[in-house]
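Whenever a hint applies, use it, and build me the whole structure from the sequences.
There are 2 protein chains.
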Amino acid sequence: MEEKDFEALQDLLENNRFNVLHAVLKEMNSVDIADFLDGIDDKFLVATFRILPKDVSAEVFSYMDTDSQEHIVRSITDSELHRLVEDMYIDDTVDFLEDVPANVVTRVLKATDAKTRETINRFLNYAEDTAGSIMTTEMVQLHTYLNAEQAIEQIRKTGVDKETIYTCYCIDDKRHLVGILDLKDLLLCEPKTLLSEIMDDEKQIISVKTSDDQEAVADLARKYDLLSVPVTDKENRLVGIITIDDIVDIIEEENTEDFEKMALLNPSDDTYLKTGVFRMSKNRIIWLVILMVSATLTGQIISRKQALLADFAFLISAMPMLMGTGGNAGSQVSTLIIRGLALGEIKIRDYFRVVFKELRVAFCCATVLAVLNFLRLLIVGGGDIPQYLIVSAAMFATVIIANIIGCTLPILARLVKLDPALMAGPLLSTIVDAATLSIYFAIAQFVLMR
Amino acid sequence: MEEKDFEALQDLLENNRFNVLHAVLKEMNSVDIADFLDGIDDKFLVATFRILPKDVSAEVFSYMDTDSQEHIVRSITDSELHRLVEDMYIDDTVDFLEDVPANVVTRVLKATDAKTRETINRFLNYAEDTAGSIMTTEMVQLHTYLNAEQAIEQIRKTGVDKETIYTCYCIDDKRHLVGILDLKDLLLCEPKTLLSEIMDDEKQIISVKTSDDQEAVADLARKYDLLSVPVTDKENRLVGIITIDDIVDIIEEENTEDFEKMALLNPSDDTYLKTGVFRMSKNRIIWLVILMVSATLTGQIISRKQALLADFAFLISAMPMLMGTGGNAGSQVSTLIIRGLALGEIKIRDYFRVVFKELRVAFCCATVLAVLNFLRLLIVGGGDIPQYLIVSAAMFATVIIANIIGCTLPILARLVKLDPALMAGPLLSTIVDAATLSIYFAIAQFVLMR
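First to last, the protein sequences are chains A and B. 20 is the number of the first residue of the first sequence in our numbering; add one for each residue after it. 20 is the number of the first residue of the second sequence in our numbering; add one for each residue after it.
Do not take every clue at face value.
Treat identical chains as interchangeable: a pair holds within one or across any two.
[To be verified] Pairs of lysine-lysine, DSS-like flavour, derived with a Cα cap of 27 Å:
#: 1; residue 1: Lys242; residue 2: Lys222
#: 2; residue 1: Lys45; residue 2: Lys280
#: 3; residue 1: Lys211; residue 2: Lys73
#: 4; residue 1: Lys129; residue 2: Lys62
#: 5; residue 1: Lys242; residue 2: Lys181
#: 6; residue 1: Lys134; residue 2: Lys228
In case anyone wonders, no lab produced these hints; they're calculated from the structure.
Following this line, the structure appears as C-alpha cells:
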C-alpha cells in the first residue's frame with residue numbers, strides 16, 4: 020500500500036464514511052489494514068476495528084503494534100474480547116500479553132475460557148526467547164494408524180483452526196512425537212496408504228525442546244528448509260510448533276541483536292522510534308564508560324614517552340591515523356569472523372586455519388598501506404625521512420597485530436561461551452589502540468634514541 | 020548429525036562397506052548427506068553419490084558445495100547427468116551453473132533436453148540478485164474455471180514435480196496471474212466451489228517483476244508472511260515463484276552484506292574459509308587506504324597546535340581516549356539507524372524526530388561520561404584541575420557531535436540513494452576524530468591561552 024492510499028482511507032474516516040471504508044477494508048490485506056490502524060488517531064481506532072470483517076479481525080489485531088492493541092483491548096466489551104482471543108492463535112496472544120501491563124493481562128485472561136487460560140498461563144511461564152515462549156499449539160496431529168484418506172478427512176474437519184496444515188505431526192496414544200509428514204506426500208500418495216509407511220520416522224525427526232533457545236530453532240529451520248519446527252517436552256510429547264513466519268522474525272531479531280552487540284549496545288526489543296530516551300541512554304552508557312576508563316591505558320603509554328614526544332612533535336600528529344587504521348583493520352577481520360561463527364561457517368577448531376589466513380591477508384594489506392603511507396607523508400610533509408619510516412613501520416606492525424587480535428578475540432569468546440558479537444570494532448579498537456601506541460613508541464625510541 | 024556420526028560413516032567408506040553405508044544413508048536427511056559428502060575425500064565422492072537412493076540424489080546434490088558438485092558432474096556419465104538435471108529444480112540448477120566454469124556449463128546444457136536448456140539459458144541471462152535469477156518455474160498453475168475438487172485432482176497428478184504445492188497460482192488463458200490460492204482454502208472449502216470464488220483476486224495479489232531486486236522479494240515475504248512470492252513479466256504473465264527456503268537464504272545473505280559494508284568490506288559471495296587470501300586482501304584494502312589518507316586531516320589539526328601541545332603535554336595523553344569515546348558513541352547511533360532503515364522502522368521523513376531524540380540521549384550520555392571522566396582523571400592524575408576540566412568539556416561536546424553525525428550520515432546516505440550501511444563505525448570514526456580534535460584544541464586554547 021502506498022502513503023496516498025492510506026491518506027484516502029483517513030479522509031473516509033474523518034468524513035464518517037464508514038460504509039465505504041468497510042468495503043475498501045474488505046479487499047485489503049490484513050498486514051496493510053494493521054499498518055493503517057496503527058497510523059490513525061486513537062479516537063477512530065475502536066470504531067474502525069469494529070467494522071472489520073469478522074474473519075480477519077483477529078489476524079489484523081495480531082499484526083498491530085502493542086500500543087494500538089492495548090487501546091483496543093481496554094475499549095471493547097468482554098464478549099468482544101472473548102471472541103477476539105478465541106479467534107487468535109495462541110502464540111500471537113502470548114506475544115501480545117508479554118508486552119502489556121498486568122491489569123490488561125488480567126482482563127484478557129478473565130475474558131477467556133478455562134482451557135485457553137490454562138494454556139496461555141503455561142506459555143507465559145516459559146523463559147523469554149525459548150522455543151516454549153514462541154510456539155503455538157494449533158498444529159495438525161495425526162495418529163499413525165490412520166491412512167492417507169482418513170488423515171485428509173481429519174484435516175478437512177479440523178484444519179480451519181490450525182496455524183499450518185502443511186506439515187503434519189504423527190503421534191502415538193501417549194502423544195509422543197513419532198513421525199512427521201508433509202501434506203504434499205499425504206495428498207500425492209495412494210488413499211489407502213498408512214501414515215506409518217510414508218512419514219519421516221523417529222530417526223529423521225528434527226525437533227526442539229521447550230527450553231531450547233529460539234536461535235537454535237531458527238538455525239534448524241534454515242539448515243533443513245523446514246516450514247515448521249515441532250516442540251516437545253522432556254518426555255518427547257508434542258506440545259507445540261513454531262511456524263516459518265515466526266522463524267523469519269526470529270532471524271531478523273537475532274541479526275538485530277548481533278548488530279547491536281557489535282556496536283556494544285545492550286539489545287533492545289523495541290524499535291528505535293518506540294524506545295524512550297532514558298532507556299536508550301541506559302542501553303548505551305555502560306559500555307561507553309567501560310571503554311573510556313580502559314583508555315586510561317593509552318593515556319599512560321603516551322605520558323611515559325613525554326621526552327620522545329617533546330623532541331619529535333611530528334610523531335604526535337601521526338598517532339590518530341595509526342590508531343584509526345589499526346582499529347579499522349581489526350573491525351574488518353572481527354566482523355567476518357563473528358558473522359562466520361553466527362552462520363556456522365567457522366568453528367572453534369578452524370582457529371589455526373583462520374590465523375594462518377589472516378597472517379597472509381594482513382601481510383598483503385600491511386605492505387600496501389605502509390608503502391602508500393610513506394608516499395603520503397612524503398607529499399604532505401611535516402617531518403623527515405627517518406620519521407616517515409618509523410610511522411610506516413609502525414603501520415605495518417599495527418595491521419598485522421590488529422588482524423591477529425581481530426580473529427582471535429571472537430573465537431576466544433565462543434570458546435568461553437561469551438557472545439562473539441561483543442568482540443567487534445569498538446571493544447577491539449580500545450585494545451588495538453594500546454598495542455599500536457606501544458609498538459609505535461618502541462620503534463621510534465629504537466630509531467631516534469640510539 | 021554429530022561429528023562422530025560422520026566419522027562412523029567415513030569408516031564404512033574406507034572399509035568398502037558400501038551396502039551398510041547405503042542402508043544408513045537411506046535413513047538420513049538430504050542436508051546431512053550433503054554435509055557428509057562435502058567432507059569426504061574426492062576419490063570416494065562419485066562412488067558414494069551413486070549409491071544414494073534415486074529419489075533423493077538430486078536434492079542432495081543441490082545442498083552440496085560447488086567444489087563437490089563440479090567434481091561429480093565432471094565424473095558421471097551423460098545419461099546420469101541428464102537424469103540429475105531433470106530431477107533438480109530449475110533454481111537449484113541455475114544456482115549451480117552460475118558458480119562453475121564455462122566448460123561444465125556447456126556439458127550440463129548438452130546433457131539436458133531442448134526445453135529445459137532453453138529455460139536454463141533464459142534464467143542465466145537475468146541479472147545477478149534479481150527475482151528472475153533466483154526464481155523457479157515449478158509452481159502449481161490453475162485455471163480459474165476449475166472447481167476445488169478438479170484443482171485438487173490436478174495437483175495430485177502434477178504436484179510431484181512442483182517445488183511447493185501450498186500456494187497455488189490462478190491464471191487466465193494468456194497465463195496472466197489473476198489470483199492466488201492457499202492449498203488450505205482449497206482443501207477446506209466445498210468440493211464444488213469455483214476457484215474464482217475463493218482465490219485472493221488481483222487487487223490483493225502481492226508479486227514481483229523478474230527485474231526486481233532480491234531484497235525487495237525478502238521484504239515482501241517477511242512483511243506479509245508469504246510461503247512463496249510469484250514473479251511476473253512486464254505483461255503480468257506468471258513466469259516463476261520464489262519459495263520461502265530461498266527467501267530465508269536471501270535474508271541471511273542481505274544481512275551478511277550489511278555486516279560487511281558496516282565494516283567497510285567489499286561484500287563477498289563466498290564463505291570466509293573458501294575465499295582466497297588475495298581476493299580477501301582486495302576486499303579490504305581499498306577502504307583501509309581511503310581512511311588512512313583521510314586521517315591526514317587529524318595529523319594536520321595536531322600539527323597546527325604544536326605550541327599548545329609542547330606546553331601542555333598532558334593534553335596529548337588524553338587524545339586517544341577522547342577520539343575513542345567519540346567513535347564509540349557514533350558507532351552505537353549509526354548502527355541503530357542503519358538497522359532501523361534496513362527493517363523499514365525508520366524512514367527519511369523521521370529525520371527530525373531522530374535528531375531530537377539523539378540530542379536528548381546524547382545529553383544524558385555525555386553528562387555521565389564527562390563527570391565520570393573528571394573523577395577518573397582526578398584519580399589517575401598527570402595534569403591539573405583546569406586541564407581535567409578541558410578534557411571533560413571536550414568529551415561532552417564530542418559525544419553530542421558524534422550522536423548528531425551518527426544519525427545524520429546514514430539517513431543522508433539513504434536520501435542520496437547510497438547504502439546507509441557504509442556510514443557505520445569505521446567511516447564515522449574518521450570524521451568524528453577530526454571534529455573531536457578541533458573542539459578539543461579550541462577549548463584548550465580558549466582556557467589556557469587567555
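How the hints compare with the structure:
1. Lys242 - Lys222: within (17 Å within a copy, 35 Å between copies)
2. Lys45 - Lys280: Neither, since 43 Å and 42 Å both go past 27 Å.
3. Lys211 - Lys73: between (38 Å within a copy, 24 Å between copies)
4. Lys129 - Lys62: within (26 Å within a copy, 67 Å between copies)
5. Lys242 - Lys181: both (25 Å within a copy, 21 Å between copies)
6. Lys134 - Lys228: For Lys134 and Lys228, only the intra-copy Cα distance (23 Å) is at most 27 Å; the inter-copy one is 47 Å.
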